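**Q** Protein chains in written order, with our numbering: chain A, 1 to 209; chain B, 1 to 209; chain C, 1 to 209; chain D, 1 to 209.
These are computed hints drawn from the structure, not numbers from a lab. Computed from a predicted structure; not experimentally measured. It is possible that some hints are incorrect.
Given that identical chains are not distinguished, each listed pair holds provided it fits within a single copy or across any two copies.
Straight-line C-alpha distance at most 20 Å; calculated SDA-like pairs for lysine to any residue [stated by the list, open to error]:
(1) K181 - A47
(2) K156 - L80
(3) K86 - S141
(4) K146 - G201
(5) K146 - L92
(6) K59 - Y168
(7) K59 - L124
(8) K181 - H43
(9) K86 - V153
(10) K86 - L68
(11) K3 - N78
(12) K3 - R157
(13) K86 - S152
(14) K82 - L16
(15) K3 - K156
(16) K86 - F202
(17) K146 - D85
(18) K181 - W50
(19) K156 - V73
Number of protein chains: 4
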Amino acid sequence: MLKEHFLDRFHRNERLVGLSDGVFAIVLTLLVLELRIPQLGPHPDAAAMWAALKGIQSKLVGFLLSFLFVASVWFSHNQLFKLFDKVDNAMLWYNNFLLLVVCFIPFPTALIGEYPRNPVGITLFGCIWILVPLLIYVIGSRAYRKGYLHASVDLKRYRFLRRMSLVYAPISALPILLAWKAPTLAFLFYILMMIGGIAAGFFVKVLEE
Amino acid sequence: MLKEHFLDRFHRNERLVGLSDGVFAIVLTLLVLELRIPQLGPHPDAAAMWAALKGIQSKLVGFLLSFLFVASVWFSHNQLFKLFDKVDNAMLWYNNFLLLVVCFIPFPTALIGEYPRNPVGITLFGCIWILVPLLIYVIGSRAYRKGYLHASVDLKRYRFLRRMSLVYAPISALPILLAWKAPTLAFLFYILMMIGGIAAGFFVKVLEE
Amino acid sequence: MLKEHFLDRFHRNERLVGLSDGVFAIVLTLLVLELRIPQLGPHPDAAAMWAALKGIQSKLVGFLLSFLFVASVWFSHNQLFKLFDKVDNAMLWYNNFLLLVVCFIPFPTALIGEYPRNPVGITLFGCIWILVPLLIYVIGSRAYRKGYLHASVDLKRYRFLRRMSLVYAPISALPILLAWKAPTLAFLFYILMMIGGIAAGFFVKVLEE
Amino acid sequence: MLKEHFLDRFHRNERLVGLSDGVFAIVLTLLVLELRIPQLGPHPDAAAMWAALKGIQSKLVGFLLSFLFVASVWFSHNQLFKLFDKVDNAMLWYNNFLLLVVCFIPFPTALIGEYPRNPVGITLFGCIWILVPLLIYVIGSRAYRKGYLHASVDLKRYRFLRRMSLVYAPISALPILLAWKAPTLAFLFYILMMIGGIAAGFFVKVLEE
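Make a model of the complete structure from these sequences and hints.
**A** Below, the structure written as structure tokens:
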């Protein structure tokens with residue numbers, strides 16, 4: 001009884017969630033640091049200020065997109081880990097790899113914000129869009145195989161959502177090919193995927209209630 | 001019983017609070033990074049140092065105001081979410097949008113600190129003052145409509161405070177109009193609103209005890 | 001019963017602790033950002049590198065001291081808040097003011113690291129040493145007066161420690177006067193006070209066991 | 001009974017874990033700030049961009065290694081503290097010293113990334129590799145001596161792992177000597193030790209189940 005209680009506490013691992021939320025919170029706020037206020041003369045008028053802000057427009061858009069994308073990943077991470085009764089060492093490490101990918105998000109986003117017509121930034125961004133669902137699939141599969149899911153989880157629906165995350169990876173690769181012909185179109189593709197994902201998040205339920 | 005316990009844990013969503021507190025903590029401390037120490041010669045005397053600090057006076061004031069404003073928003077966020085028994089996906093996303101606005105606060109505050117007589121900074125700052133109470137209203141309304149409030153919440157008082165946050169938004173818009181004639185006055189208006197809000201926070205009670 | 005449970009959850013306010021730990025963690029790691037690696041030629045030898053590191057020696061010392069000082073304040077904060085059964089709105093705000101002071105610590109520490117013989121940095125640093133125990137006294141007094149202490153707290157010992165924090169404030173002011181004659185001596189005074197505080201933290205017990 | 005409950009809450013000290021996770025999360029994401037996007041002309045082509053990214057290749061590798069190393073330390077920290085029923089003041093301070101070392105990790109990693117053939121960076125890096133297992137040994141020993149381990153901990157295995165961390169320290173010192181002859185080899189040594197540590201983390205169990 002005592003040992004079971006200990007093992008239960010040992011495997012619940014609230015620190016996985018604590019570390020992850022910390023990393024998500026920091027990445028969400030990192031990009032504001034990129035938004036340096038424009039250096040103008042001592043008393044600029046309003047028109048000069050608007051013009052200066054237009055000059056950092058791409059950084060403002062980059063901040064907005066990076067925020068929404070990271071928030072989407074947090075949303076999925078949150079939904080997924082709530083289904084588990086326990087996690088093991090391997091899942092801790094898979095989660096660390098996922099956090100590594102999340103930490104990297106500000107870099108290609110800044111690259112796209114600065115050079116929107118260059119395919120390299122979108123290629124790096126696309127790699128993240130491939131890696132995130134793959135790692136979520138790996139984590140979800142291990143929990144399923146090892147029997148770490150809570151008894152109330154609807155297994156049919158779980159398997160469906162897990163398969164969806166596997167389908168998501170190759171679809172995320174398509175815009176990378178497009179990026180070398182029409183980078184703006186490829187980028188719009190990702191923005192639409194993100195908006196779709198956020199909209200789905202409002203309605204999709206992991207459980208029948 | 002087992003399923004209810006699972007759903008209860010599922011909907012409590014302590015991670016919403018964990019992510020939010022992380023974002024608030026980072027935004028609170030971000031502005032200190034803006035306070036670069038002055039670059040003087042090898043052995044400046046005390047008078048030269050005071051003069052140099054006076055030169056970054058506006059940044060010091062910006063740091064102070066930004067801190068108190070973000071702390072006020074955290075205070076309201078804290079009071080609000082303690083009243084809920086559960087949150088749903090839509091509320092998770094409304095909260096993400098609120099965090100987006102919070103993350104943006106350091107930018108207009110820095111703009112005002114650097115160019116205090118320019119109306120653009122105050123206009124952006126005012127937009128945040130409009131968006132924050134609106135988003136709090138949206139979150140509070142959904143919780144009310146969906147019945148997520150704890151059974152002990154005084155509904156009459158709750159409706160009153162919710163209506164207050166709706167009244168707050170247009171009042172926050174007034175100084176924006178003023179900003180184009182008298183920016184300093186408009187800024188003082190916001191400082192007074194903030195001090196009033198902090199003072200109210202000391203006394204207002206969400207519950208009769 | 002239901003209402004009591006709600007009020008208990010309402011007043012426990014774990015978010016005060018969550019926000020505070022976030023701010024402490026960020027301030028603890030902020031100064032590493034100040035440690036920029038030296039810019040040398042393409043293949044510097046070991047001697048050139050040591051020389052370059054000696055050049056940022058004052059920043060390394062500033063990092064170390066700032067870390068230990070903030071860790072000391074966290075230690076006291078941790079010990080204090082564990083004694084409370086509940087906190088109220090006023091205490092939430094007093095704690096916000098304490099966090100404001102904590103967020104400011106990296107600034108004078110960096111100033112001292114850069115200009116160790118200038119009294120201004122030590123004066124600002126000393127103000128923090130005065131404000132921190134005063135705010136801890138104010139928080140501790142309110143909890144005592146309002147009866148928020150846990151029933152097991154040894155009140156005699158509590159009153160003694162509370163009085164100590166009041167004595168601490170004027171003692172912390174002494175080196176400020178010294179700073180204008182002998183800044184290095186004043187700084188050593190603070191370092192000794194900090195080492196003494198850390199050593200005391202190893203042994204002092206808030207409770208008889 | 002009341003007092004026991006209070007002492008139990010007092011000594012559990014979840015804030016040690018909260019502060020530590022905050023520090024780990026920040027250090028994990030700090031290095032991305034070092035990855036500044038390359039400054040090229042207004043419309044660089046893909047080839048120019050790849051070339052520019054190759055120029056910051058060492059920083060990208062530094063980011064990756066720093067992340068994995070800090071994640072490894074977090075993993076050990078997580079495993080260790082889950083075994084304790086309580087912590088005391090001395091352990092709080094030993095943990096603060098451990099966090100101090102963790103906060104410092106980005107500095108030598110950046111140094112190695114910038115000057116991979118210089119022995120100084122590897123020497124500093126090696127010191128961290130010596131200090132981390134030593135501090136973990138000190139924390140683990142105190143918990144063992146004072147009887148803070150949970151009753152279900154397998155003491156024989158605990159003593160073995162504790163001894164391992166003591167053996168780890170001198171082995172970590174070997175590459176420092178190597179660094180002055182063959183810095184690249186010394187660095188590879190640490191990478192192999194880290195990969196070995198991560199692989200071991202997948203399989204090693206603190207408890208028989």
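**Q** Determine for every hint whether it applies to the structure shown.
**A** Hints versus structure:
Only between protomers do K181 and A47 lie at most 20 Å apart by alpha-carbon distance; the minimum there is 15 Å, versus 37 Å within a single protomer. Proximity of K156 to L80 under the C-alpha cut-off of 20 Å is restricted to the intra-copy arrangement: shortest distance 15 Å within a copy versus 36 Å between copies. In this assembly of identical chains, K86 and S141 lie within 20 Å of each other by CA distance solely inside one copy; the values are 14 Å within and 28 Å between copies. In this homomeric assembly, K146 and G201 come within 20 Å of each other (Cα to Cα) only across copies, at 18 Å, whereas the closest approach inside a single copy is 27 Å.
When the C-alpha separation of K146 and L92 is checked against a cutoff of 20 Å, the pair qualifies only within one copy, where the shortest distance is 14 Å, while the shortest distance between copies is 29 Å. For the identical chains of this complex, K59 and Y168 are neighbours neither inside a copy (28 Å) nor across copies (31 Å), given an alpha-carbon limit of 20 Å. Proximity of K59 to L124 under the C-alpha cut-off of 20 Å is found in both arrangements, the shortest distances being 18 Å within a copy and 16 Å between copies. Proximity of K181 to H43 under the C-alpha cut-off of 20 Å is restricted to the inter-copy arrangement: shortest distance 15 Å between copies versus 45 Å within a copy.
For the identical chains of this complex, K86 and V153 are neighbours both inside a copy (14 Å) and across copies (19 Å), given an alpha-carbon limit of 20 Å. Taking CA atoms no more than 20 Å apart as the test, K86 paired with L68 passes in neither setting, with 29 Å inside one copy and 23 Å between copies. Taking the shortest alpha-carbon separations for K3 and N78, only the inter-copy value of 19 Å comes in at or below 20 Å, while the best intra-copy value is 29 Å. In this assembly of identical chains, the alpha carbons of K3 and R157 lie at most 20 Å apart only when taken from different copies (16 Å versus 33 Å within one copy).
Proximity of K86 and S152 under a CA criterion of 20 Å is satisfied in both settings, with 14 Å inside one chain copy and 18 Å between copies. When the C-alpha separation of K82 and L16 is checked against a cutoff of 20 Å, the pair qualifies both within a copy, at 12 Å, and between copies, at 12 Å. Taking the shortest alpha-carbon separations for K3 and K156, only the inter-copy value of 16 Å comes in at or below 20 Å, while the best intra-copy value is 33 Å. Only between protomers do K86 and F202 lie at most 20 Å apart by alpha-carbon distance; the minimum there is 15 Å, versus 27 Å within a single protomer.
Taking the closest pair of Cα atoms, K146 and D85 come within 20 Å of each other only inside a single copy of the chain (11 Å); across copies the shortest separation is 28 Å, beyond that limit. In this homomeric assembly, K181 and W50 come within 20 Å of each other (Cα to Cα) only across copies, at 17 Å, whereas the closest approach inside a single copy is 33 Å. Neither within a single protomer nor between protomers do K156 and V73 lie at most 20 Å apart by alpha-carbon distance, with minima of 23 Å and 38 Å respectively.
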